[in-house]
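A.B. asks: Go ahead and model the full structure; you've got the sequences and the hints to work with.
If you read the protein sequences in the order shown, they are chains A and B. Heads up: the first sequence runs through residues 1 to 601, numbered per full-length UniProt numbering. Heads up: the second sequence runs through residues 1 to 235, numbered per full-length UniProt numbering.
These aren't lab readings, by the way, just hints derived from the structure by calculation. No experiment lies behind these values; they were computed from the predicted model shown. Where hints are given, some of them may not hold.
Said to hold, decoys possible - Quick list of in silico lysine to any residue cross-link-like pairs, SDA-like style, CA-CA up to 25 Å: (1) A:K331 / B:S97; (2) B:K76 / B:Q137; (3) B:K41 / A:N431; (4) B:K189 / A:E432; (5) B:K185 / A:G220; (6) B:K189 / A:I352; (7) B:K186 / B:I174; (8) A:K315 / A:I338; (9) B:K47 / A:G220; (10) B:K59 / A:T321; (11) A:K331 / B:Q137; (12) A:K195 / A:T433; (13) A:K331 / B:K189; (14) A:K195 / B:Q184; (15) A:K195 / B:R187; (16) B:K189 / B:V169.
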Amino acid sequence: MEKESRPSWDNPMQFILACVSYAVGLGNVWRFPYLCQMHGGGGFMIPYLVMLVLEGIPLFCMELAIGQKMRLGSIGAWSAISPYLGGVGMASVVTSLYLCLYYNVINAWSFWYLFHSFQAVLPWSQCPVNTNRTAFVEECEVASPTQYFFFRQTLNISPSIQQSGGVHVGQALCLLLAWIIVYLFIVRGVKSTGKVVYFTATFPYLVLLVYLIRGVTLHGALNGVKYMFTPKLEQLANPQTWINAATQIFFSLGLGFGSLIAFSSYNHHNNDFEKQAIAVSLINSGTSIFASVVTFSIYGFKATYNYENCLERMKLLLINTFDLAEESIHKQNISFWISELNQTHPDQFGLISSRVEHCSLEQELDTAVEGTGLAFIVYSEAITNMPAAQLWSVLYFFMLLLLGMGSMLGNVMAIITPLRDFKPLARSFSNETLNGLVCAFCLLLGIGFTTPAGNYWFTMFNEYGATFSLLFIVLIEVFTVSYIYGLKRFEKDVEDMLGRRPGWYWKVMWAAVSPLLLISLFIFYIINYIQGGVPTYQAWDKEKGRLVVTEYPVFGQAFIGVLLVSSVSCIPLAALYAFCTRHQREVPVRKGSARSRTSSV
Amino acid sequence: HFCFILLWCYTLNVPGSKGSPLSVGAGPALLTCCNVTDGYKVRLSIKTALGDDAYEWSKSELFLFRAVLAFAVQRKTNNVNYDVSNILVCDETERVSFWFVVTTPDNTSELLPKLVVENAIRENRHRINSAFLLTDQTLDFVGINPTLAAPIEYDTPPWLIVFGVVMGVVCAGIVALLVSTFLQKKRAKKPSADPVDDEDGSGSIAGNGILCESIGDKDGTYNQGFTDDDRFTKL
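C.D. replies: Put into structure tokens, the structure is as follows:
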């Protein structure tokens with residue numbers, strides 16, 4: 001019999017908060033608002049909510065059910081479901097490993113920005129001066145102070161992925177700190193994680209609320225919110241909208257990594273996961289919408305600020321060139337003056353016509369950014385223009401940290417839980433040592449992301465490390481549960497745990513709708529990869545001060561192939577291995593069942 | 001632009017005052033003021049800088065300007081003979097912009113070289129700005145770029161300090177946790193001879209190999225032998 005039974009959450013609330021903390025991550029803050037803006041503002045809610053109901057909630061519930069029933073990490077759970085499909089669990093672990101490697105780098109950046117917020121003048125609000133104090137540093141003049149701070153002082157980015165250099169010591173230190181904190185959170189397994197999630201799950205909401213109040217009271221914020229919520233329903237006809245909604249739901253909930261299976265494996269047998277699945281999915285989507293209101297109010301503020309600056313510059317240009325009195329031109333009549341002066345003094349106007357800009361608020365609002373660019377460049381720029389900027393900066397980066405750390409907990413648990421289930425490892429290493437080794441290993445590999453070319457590798461991992469493999473994994477998962485394991489058997493298991501059979505909604509989703517949706521998403525991804533040609537990335541050009549699209553070199557493309565193949569191939573390889581070993585044994589495969597049968601009294 | 005200014009100057013040509021030293025309040029000098037090689041254009045943006053507290057630009061303000069400039073040049077050249085009358089101003093506009101030149105005190109038709117004027121203004125920029133409650137951007141000397149403020153130098157970068165604090169706290173937390181785990185394990189190992197009499201709760205009571213404290217208020221551990229599972233009933 002087991003020496004020590006499986007540890008578990010102190011109460012169901014810890015489990016819910018752990019799932020919320022894991023699911024609510026950076027994607028809610030920086031990907032969803034972008035999609036909203038791209039696909040018709042308020043109208044995007046429709047495909048988003050439809051996809052939530054069709055694929056998000058059923059798949060989430062399914063993963064929780066598997067973990068709670070099998071009470072093992074992803075490898076053990078899938079091996080128990082079908083001995084040929086232990087590879088699904090392994091693929092999940094490999095994908096989680098890739099995610100762990102690069103995700104904590106984002107936390108390192110958040111730490112870097114957080115620590116730099118404790119200064120009288122925020123370092124990204126102004127350009128540094130050059131050596132003889134006559135002008136600003138050239139790279140900063142061409143780009144903007146926030147971009148310069150991110151690309152030069154934070155990343156020290158190289159012009160392409162081929163060129164690299166030494167490790168950025170500040171970044172490496174921040175990464176070390178990030179991993180030490182992750183270790184602190186998971187050192188005792190579920191016991192320590194369970195306490196931490198009370199904070200990491202709830203505090204970001206507090207900060208978001210504070211930011212919401214700050215955001216909507218900013219000058220010009222309502223422009224942004226109005227822009228976001230005016231639905232452009234014609235976008236619904238665009239298939240890309242639906243595809244993006246489906247992918248966003250899928251990745252936002254964190255399906256396929258094995259974290260959900262790991263979390264629920266520590267549950268009581270009779271925990272009501274069905275209700276919890278619905279609750280967590282709804283909370284996740286609600287947070288996305290909440291965060292996008294905050295984001296858009298800040299967008300509106302930034303766009304209005306830029307627009308008014310543009311008008312100020314034009315006014316200054318006109319009154320300086322034509323020596324007009326200061327108060328004769330203001331925001332409302334500037335366009336009148338431009339046309340007037342063009343007619344009355346055409347020669348002079350011709351001299352400055354190259355510097356005359358057409359200021360447009362719409363244009364400012366149209367610039368949509370996502371990902372690290374939004375979080376570290378656009379947002380930090382907006383913060384520098386707020387009063388008491390240091391306070392808002394600290395609060396904002398602290399929130400980013402909590403969101404990131406919360407997700408990291410799930411990612412690391414997805415690796416550690418299956419490792420602990422592996423008996424030889426569990427016997428030779430204690431809990432703390434094993435966790436420490438995993439963290440140290442990820443830290444050492446993660447140092448590679450702090451080199452000058454590190455950001456390009458980061459982008460590669462971000463785009464290719466987890467996206468395609470996850471779709472494949474979850475597709476196999478839902479197919480296995482519905483057809484190989486059998487929906488009837490699964491129903492019985494659920495009844496066993498909850499005391500009631502799953503309703504028709506669940507059965508229809510698991511058996512038909514979700515697999516179909518996933519197959520179509522999968523096919524779409526493959527078509528996209530093939531049609532996209534050579535994979536490209538955005539390299540920072542320091543002379544031009546902006547990102548340029550560059551093709552990956554051969555070794556880069558080869559590595560992308562390795563990333564994709566390494567996780568996906570676990571499934572067929574493990575199946576093959578199980579098939580070969582089965583044929584070599586005379587003893588029936590279910591040794592475990594035979595043993596328990598004879599030992600039951 | 002330059003032609004425009006020259007044209008403007010010619011229209012202001014006042015006959016009869018050529019060559020005579022100017023007194024305060026007299027009209028602009030002739031060609032000497034609008035000699036662009038040694039003169040500078042100044043622009044003031046008073047309303048932008050001060051908003052509601054803005055003062056009106058008047059003759060007195062212009063006088064103050066000429067006086068401050070004389071002060072600056074005097075300071076630069078260590079020559080006490082500079083006077084307000086050595087600063088000639090012309091071409092005032094609604095914008096509140098005008099041209100000025102500086103004449104030498106000994107010879108009013110000789111102008112001070114551009115470089116000397118520029119250095120004088122650069123060194124005393126702060127004093128000139130404060131006389132008018134303006135800044136480098138709102139009191140604009142066209143062609144003289146303001147020297148940028150020196151960056152603040154720190155002995156230890158502040159971020160390193162915050163990092164050190166956080167790192168220290170976290171490491172202390174880990175050490176505390178590991179030490180407490182280690183002590184717990186030691187105490188669990190100690191009463192190994194007496195597993196039954198453990199009532200102080202520090203050791204672990206076990207029955208059937210399952211630790212009681214892990215069962216606690218749960219409904220027991222799940223015994224897979226009692227599963228209602230089809231797999232096991234093949235016979």
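A.B. asks: Determine which of the earlier numbered hints do not hold for this structure and return their numbers in increasing order.
C.D. replies: Hints 3, 5, 6, 13 and 16 not satisfied by this model.
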